[in-house]
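J.: Assemble the whole structure, with the sequences as input and the hints as a guide.
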Amino acid sequence: MIMLMLTDPFMQRALIAALLVGVTAPVVGTYLVQRKLSLLGDGIGHVALTGVALGWLVGAGMGLTPNDALAIPGAVVAAVVGSVLIEVVRRRGRTSGDLALAIMFYGGIAGGVLLIGIAGGSSGNLMQYLFGSISTVSDADLWLTVVLSLVVLTVGVGLRHALFAVSHDEDFATASGLPVWALNVVVAVVSALTVTVAMRVVGLLLVSALMIVPVAIAQQVTHAFGRTMLTASVVGVVVCVTGLSITYWYNVSPGATIVVLAIGVYAVVSMLAPLLGRRRPVHDPHPDLPDDVDLPAAATERAAAAAKECR
Amino acid sequence: MTDTRRVTEPSEPVIEARGLHFRAGASHILRGIDLTVEHGEVVALLGANGSGKSTLVKSLVGINTPSEGSVRLLGEPLGAGGRGSRVDWSRIGYVPQRSGAGGGIPSTAQEVVASGLLHGRRLRLPRGWRQQVAVALEQVGLADRVHDPVHLLSGGQQQRILIARALVREPDLLVLDEPVAGVDMASQEAFAATMKRLVDGGLTVLVVLHELGELEPLVTRAVVLRHGKVVHDGAPPPARHDHDRAGHRHQHPHADDNALDAESRALDLEVRP
Chain A
20 MIMLMLTDPF MQRALIAALL VGVTAPVVGT YLVQRKLSLL GDGIGHVALT GVALGWLVGA
80 GMGLTPNDAL AIPGAVVAAV VGSVLIEVVR RRGRTSGDLA LAIMFYGGIA GGVLLIGIAG
140 GSSGNLMQYL FGSISTVSDA DLWLTVVLSL VVLTVGVGLR HALFAVSHDE DFATASGLPV
200 WALNVVVAVV SALTVTVAMR VVGLLLVSAL MIVPVAIAQQ VTHAFGRTML TASVVGVVVC
260 VTGLSITYWY NVSPGATIVV LAIGVYAVVS MLAPLLGRRR PVHDPHPDLP DDVDLPAAAT
320 ERAAAAAKEC R
Chain B
1216 MTDTRRVTEP SEPVIEARGL HFRAGASHIL RGIDLTVEHG EVVALLGANG SGKSTLVKSL
1276 VGINTPSEGS VRLLGEPLGA GGRGSRVDWS RIGYVPQRSG AGGGIPSTAQ EVVASGLLHG
1336 RRLRLPRGWR QQVAVALEQV GLADRVHDPV HLLSGGQQQR ILIARALVRE PDLLVLDEPV
1396 AGVDMASQEA FAATMKRLVD GGLTVLVVLH ELGELEPLVT RAVVLRHGKV VHDGAPPPAR
1456 HDHDRAGHRH QHPHADDNAL DAESRALDLE VRP
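Note that the protein sequences, when read in sequence, are chains A and B. For the first sequence, this note's numbering assigns the number 20 to the initial residue and increments by one for each residue that follows. For the second sequence, this note's numbering assigns the number 1216 to the initial residue and increments by one for each residue that follows.
Check the hints yourself; a few may be wrong.
To be verified - In silico negatives: residues of chain B with every beta carbon more than 10 Å from chain A:
| id | residue |
| --- | --- |
| 1 | S1285 |
| 2 | A1407 |
| 3 | A1408 |
| 4 | G1416 |
Stated by the list, open to error - Here are some chain A residues the structure puts well away from chain B; computed CB gaps all over 10 Å:
| id | residue |
| --- | --- |
| 5 | T26 |
| 6 | V52 |
| 7 | A159 |
| 8 | A194 |
| 9 | L202 |
| 10 | T261 |
| 11 | A275 |
| 12 | V288 |
| 13 | S289 |
| 14 | L291 |
| 15 | A325 |
| 16 | K327 |
Stated by the list, open to error - Distance windows between CB atoms, simulated:
| id | chain 1 | residue 1 | chain 2 | residue 2 | range |
| --- | --- | --- | --- | --- | --- |
| 17 | A | G139 | B | T1280 | 44 to 54 Å |
| 18 | B | A1241 | A | R321 | 27 to 37 Å |
| 19 | A | G126 | B | R1412 | 55 to 65 Å |
| 20 | B | P1341 | A | M81 | 45 to 55 Å |
| 21 | A | I137 | B | R1342 | 53 to 63 Å |
| 22 | A | R321 | B | T1280 | 47 to 57 Å |
| 23 | A | W200 | B | G1247 | 25 to 35 Å |
| 24 | A | V100 | B | R1336 | 23 to 33 Å |
By construction, these hints were calculated from the structure, which means they are not laboratory data. Because the structure is a prediction, the values reported are computed rather than measured. Every residue, glycine too, gets a C-beta built ideally from N, C-alpha and C.
T.: Here it is, written out as structure tokens:
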């Protein structure tokens, strides 16, 4: 039965796309969670919708068939512009990042619906972008996904130490002469590319879930940045491929299945994590150092006794 | 750019600030500061809370862009935000005042200290970085905590992680913003010993302090700020007489340090001689 699924060319393309998105989205999501910008992916997703409609409008104007041929390039451009704009606003510090994101949310959806109408389509045409349409992935789509994923992975993994340094402590990075502004723009652009890559798999409304939920799961089981990123990617691949496979046999939305599955894993792991933690041997975290004060003799004895108890 | 850049001329100041002003909105925080630090000096920057010490230090390392005036680091002018400047960042280490820095993902001592190895155009860790990180953690007495998540360490231990992050690149100039606030006496002594060894090796230091404490024997000059101006630049001033000098060693805990403040203040009554 699994062989049947793997020999289906539609399914092959879909599985490869899901695999790539599963690896890529959590890598970028790790940086977003690190910067406390978990909702950035949502903001970019909304703006990408305007890009989809814009691509549609331009495509219709040029008489291209199919008339959504420029939808994905449009989404890529709009997402990159939008994410860089957010970074500019954040740097200026005039508007809080939170407020800028909110304005992007509304502007993106409203712009998309407005433009698709002007292009002669209906908001129904936007549904496949909002909720994903992985089963309609064409060879050209797949190649674009492969290339963009490789770009995102190369940057996200190759520059991980520098991107970590900037995300962890921007002041220190500045005082180290690192190109902080450039690195921030890199994170923004890479996030935008990830959103457009994941758009076909889970849809713009659920893109952010693929970036953030695997990171939330990884955080339950690890306390290191590098391991969080690695674990999140593994989780991302497992839920994407499993979720998509389920939809081969049951006629449900792949995007929604993947996200619900991820949140289910999160719930199970957060219940199990405390049990796993308990297996580690209890150790004494206190250093055995003298105090800054001279203790009376009785207290010194009690300190010695306490140290003995901990050993 | 030639190799001679690596060696600062002994005559050339390590830090040179001229007519530095910094305004944040309506508040005029630095009001015309001139400060020179020469090679091999250990300069203490003193002053009450809110006198502009941290703002000055941040302006000197490129975090704050001064409203007026200029800064030269190791002989090179500091550009806006540090971009495009030819300052050799590999020779400068900065230790911020303990902050809530750190993002939404826990990271280990090793990861945080390793980020100190990146500077200027170096965006990837050099070979043998694990060894360098281990040495830096050893210097602050936290070698055994290399894989511990930083957010689970105590406040004083986190402060020492920040010191290790600045030391790991083996700087020629160390700029420290209250490095020993909230650090226990044994660690302060260890820190002073490490500093002494580095200063003997030619390290130049600018350090923001509330009182000289364990670093007193090392400090060659003190600069005192008041209302954003330098009011004293010369020999370290004696502490006020109500701070009984001979046995006085306590660090004033910050109000926001932790809930144990009241208790530790009570213990200050029997500070050892």
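J.: I'd like to know which numbered hints this structure contradicts. Please list them from smallest to largest.
T.: Violated: hints 6, 8, 9, 18.
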